[in-house]
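As you go down the protein sequences, you meet chains P and L in turn.
Per my numbering, the first sequence starts with residue -17, numbered consecutively.
Per my numbering, the second sequence starts with residue -17, numbered consecutively.
Derived by calculation from the structure, the hints in this document are not laboratory data.
These numbers come from a predicted model, not from an experiment.
Incorrect hints may appear among the rest.
Treat identical chains as interchangeable: a pair holds within one or across any two.
Calculated pairs, DSSO-like style, for lysine-lysine (alpha carbon to alpha carbon, straight line, at most 27 angstroms) [claimed, not checked]:
#1 K33 x K71
#2 K42 x K196
#3 K71 x K42
#4 K211 x K253
#5 K366 x K293
#6 K366 x K296
#7 K211 x K196
#8 K253 x K196
2 protein chains.
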Amino acid sequence: MSKVEEAKPKESVQESLQQVLALLSRQRIVEQLVHKQDMRRHELVESLVHKQNLAELQNKLDHLHPADVAYILEGLPLEDRLTVWHLVKADRDGEILLEVSDAVRETLIADMEPEELVAAAEQLDADELADLVPDLPEDVVEDVFQSLSTEEREQLRAAMSYREDSVGALMDFEMVTIREDVTLEVVLRYLRRLDELPDHTDQLFVVDRREILKGILSLGKILINDPDKLVAEVMVDEDIRFEPGQGAHEAAQAFERYDLVSAPVVDERGKLVGRVTVASVMDYIREESDNEMLNLGGLREEEDIFASVWKSAKNRWTWLAVNLVTAFIASRVIGIFEGSIEKLVALAALMPIVAGIGGNSGNQTITMIVRSMALGQIHRANAKALLQKELAIGLLNGVVWGSIFGIFAMLLYHSVSLGVVMMGAMTLNLLVAALFGVFIPMIMHRLGRDPAVGSSVLITAITDSGGFFIFLGLATIFLL
Amino acid sequence: MSKVEEAKPKESVQESLQQVLALLSRQRIVEQLVHKQDMRRHELVESLVHKQNLAELQNKLDHLHPADVAYILEGLPLEDRLTVWHLVKADRDGEILLEVSDAVRETLIADMEPEELVAAAEQLDADELADLVPDLPEDVVEDVFQSLSTEEREQLRAAMSYREDSVGALMDFEMVTIREDVTLEVVLRYLRRLDELPDHTDQLFVVDRREILKGILSLGKILINDPDKLVAEVMVDEDIRFEPGQGAHEAAQAFERYDLVSAPVVDERGKLVGRVTVASVMDYIREESDNEMLNLGGLREEEDIFASVWKSAKNRWTWLAVNLVTAFIASRVIGIFEGSIEKLVALAALMPIVAGIGGNSGNQTITMIVRSMALGQIHRANAKALLQKELAIGLLNGVVWGSIFGIFAMLLYHSVSLGVVMMGAMTLNLLVAALFGVFIPMIMHRLGRDPAVGSSVLITAITDSGGFFIFLGLATIFLL
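Here chain P stands alone, though its shape is the one from the complex (with noise of 0.2 angstroms):
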C-alpha cells in the first residue's frame, strides 16, 4: 500500500486539528440556534450551512495523509471524532485505523457496520491486517480471512504467530528479489516492468532457486554501476539478517546503531521470508519509549485523552493499588514508634524529609541503572564496581545533605543529638536506597522481568517504610 502520492500538508497538522475544531463548533453554533428558536423557520438555512459545512470538512480530509487524519481523530472529543470519522471517504478507512492509538482505534471500531470493517480490512496488507485482527469482531474477521488468496493467508498467519515484541511482529512482505547470475541490464529491465517499488526499498534481496539470501543489492549500486556487470559481482554479502523469532529491541538497535533503512529476515535455514523497514522500528521505537514513559507515571497503557472517566480511572487503578499497599506498610511502620512520636513530636515532622530524599536518591540509582541495562552494558564484571560508585555517592551526598537538614534540625528544635539522629538517618537511608537502587533494577532482570516496569514503585516503598524505620528507630534508641 504506497502512501507516496497523497497530498501531504503544507499547513501543520496541529493548523489542521484547529481549523477541523473550529468547522466542528461553527456546526454545533448553527444547531443550537435552530433548537433554540422555530424550527421550521430556520430549516432551510440550516441544513444550507450545515451541508456547506460538512462539504468544506470532507474537502479537508480528502487531502489530509491517512496519518494526520488518524492525529486529528485522537485529538477530538468523542462526538466529534465519530462526526469526521463518518466523512472521511470508506476506501481509506483502513490506513487510518491502523495509523491511531490502540485505545483511539476501539472507539472507532466500535462505530462500525461488519461489512464496513471488512471493506476497511480489505485494503491492507497481510503484515498490516495482522496488527488489526486482534480489534475485529470475530465474524468480521472471518469474513476478511475467506477473501484472502493463500499466499497473503500464509503470511498473515505467519505474521500473527509472532509476539508482539518479535523481528515477525516489525516484519512486512513487500521485498524484491532478484538473481545472482543476471546483469544489472536484466535487473533494471524487470525494474522497468514495474509500477513502483515498495516503500522503503532501498536494496533488493539476491536469492537462489530455493529463496535462501545470498546477499544484498543498494539501488545505489544498480545506478552506479556498469549495468553489463552481475548482480554476483556488485552484490555485498549482507551480514546483518534478522530471524522472525529474534526480540525486536536488538533489531531496533541494530537499525539506530548500522543506521539502516531495511534489512532481511531469515528463517533458521537462511531462506528469506521478510524484511523489516526503517518505518516499523521507527514507530517500535516510539511505542516502547512511550510505554516506558507511561509506566513510570503510573499509567498501565496509553490512554485515550478523550475516555470515559470509568475507562481512565480503571486504566490507573493497579499502580494505585500497589502504591496504596506500600503507603499502609509505610504507615504501619510509623504505627510501631507511635509511642516515641508522642513523647517527641518533632519528629513528626522530620521523618518525611528522610524518606523524600531517600526516594529521590534511589530513584536517580534506578533510572541509571535500568537505563545502562536496557543497553546490554550492564555485566557481572562490572556489577560490582557500579555497586560500590552508587555506594560511594550515596554516602556522600547523605553526609553533605544530611549535615544540613542535621543542622537545620538542631537549630528549629535546639537538640544536638536530634540533628545528629537526622543525619545518620539521612545517610543510612541514602546507602539503602544506593543497595536496592541497583539490586532491584538486577534481580527484576534475573527473575526475567522488564526492570523498567515498577522498580520505581519498589524502590520508593522500600525508601519510604525503611526511611521511617531507621530514623525514628534511631531516635527511639537514642533520644528517648
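Following the hints, position chain L against chain P.
Using the frame of chain P, we list chain L on its own:
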C-alpha cells in the same frame, strides 16, 4: 563518510563486549602474576603473552563497526576504556568519537594529543564536525578550521549557528542535485560517474540554476521509468520541506508520520541548503526520549556509568536540592500541626498515606497531559473538558480509595470520625492533584518552558504539602 562497506559483526555487540572484557581481564591476570613474582624471570613470558593478547584485541576491534566500538568503550571502566581506545586505528577515531555519548567522549578527548584530535576531526564532514567542535580544545578547533576548504568552512559555520534542537542541527550537506530539463538517461550517466551515493540517498533533489528546489526524484522513479523521459515529467513537487530554524521535534514528527527516509531543507527563498535523513532523526528521537526519562528520574543529563563519584554526584544534585526544598516546606507544614499530632498521634501514621496517593495520582494526570501536549493535541477548545474529566476521576478515586482507607483507619484506631476525616482528606487531595496535574504543564507551556522537566517534582511538592495540610487541618477542626 560512508559506513556501508565497513565490516559488521555476525555476533551481537553484547558478545563482542563480553569478549573484550575477557581479553582485558586475562591481560590483568598476567600483569598481576608478574608483579607478584620475580620480575626478571617472567619478563619474557609476559611481554610475549601481552603482545599476543593485545594483537588479538586489536584484530577484534578492527573488524567492528565504529558504532560497536563506541558501545564497547561506553561499557568499559575508565582504565580499560583507554587501553582499548589506544588500540583503535587512528583513522577511525573521528567516527567513533561521534558515536559515543557526550560523557564518554569527554574522557576519550582528555586522553588524546592535540595532533591526534586534529587528525580525527579532519576525517569528518562539516555537519559531523559541528557536533564534535564544542568538546574540542580551542587550539585544536583553530587547526581544524585552517584545514578546511572554503565551502566546508561555510558549512561548518552554518551547522554550528543553529540551536541544538533545530532542523539545522540535524541537517547534513550530502545531497545529490540534478536539473529538471534533462532526461533520466542523463541522470543515470551522471550517477554512474559517482563512486557511491551518500548514505540514505533515497531521492535526488531537483534544483534550478539558483539552487531553488523544484521537486524531488526518488531512486525508485529513476529505475522504474523509461530513460527517455525528462526529469520534469517524473519528479514530484515535494510538499515536505523544512527550514533550518524550524524545531527538530516537528521534523521528527513528520518523519514518523510520513515514513520519510530523507527530506530537503530550504532557506526562506526556497534555496536548497541541506537535507535531513532518518538516521539523524532516529538519533534525535532516542536522545529526546532518553532526556525525558533521565529528567523524570531526577538526573540532569546522561551519565557515564563509570564516571567518578564526584562527577556523578554533581549530575544528581540539582534535583536533590529541589527535592530538599520541597521536603523542607512539607516538614514545616507538619510543624504547624505539632500540637494536634501530640494530642492524636495516629495522625502521624496516617498522613503519609494521604500525601502519597495524591502524589501518585497527580503524576498520572501529569504524564497523560505532558504526553498529549508533546503531540500537540491539547487546545483551548478541549482543555476544559480535560480538566472536568480529571476532576471526575479524582473524585471517583477519592471516594473509592478514600473509603477503603477510611474504614481501615476507623478499625485500626476505633474512631468513626477519624475514618471520615481520612476519606475527606484523600478525596480533597486527589482533587488538588487533578487540578494542578492539568494546570502545571499548561502553565509551564504558556511560560515557554518544557512541561516534561520539573512538572513531576512540582506536583509531588504540592500534593505532599497539600496532603499534610488538608489532613492535619481537617483533623484539627473536626477531631480535637
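These are the hints, each one checked on the structure:
no.	hint	result
1	K33 x K71	within (16 angstroms within a copy, 71 angstroms between copies)
2	K42 x K196	between (48 angstroms within a copy, 25 angstroms between copies)
3	K71 x K42	within (12 angstroms within a copy, 57 angstroms between copies)
4	K211 x K253	within (25 angstroms within a copy, 38 angstroms between copies)
5	K366 x K293	between (45 angstroms within a copy, 19 angstroms between copies)
6	K366 x K296	between (41 angstroms within a copy, 22 angstroms between copies)
7	K211 x K196	within (17 angstroms within a copy, 34 angstroms between copies)
8	K253 x K196	within (9 angstroms within a copy, 43 angstroms between copies)
Consistency with the previously given hints is maintained throughout, with no hint failing.
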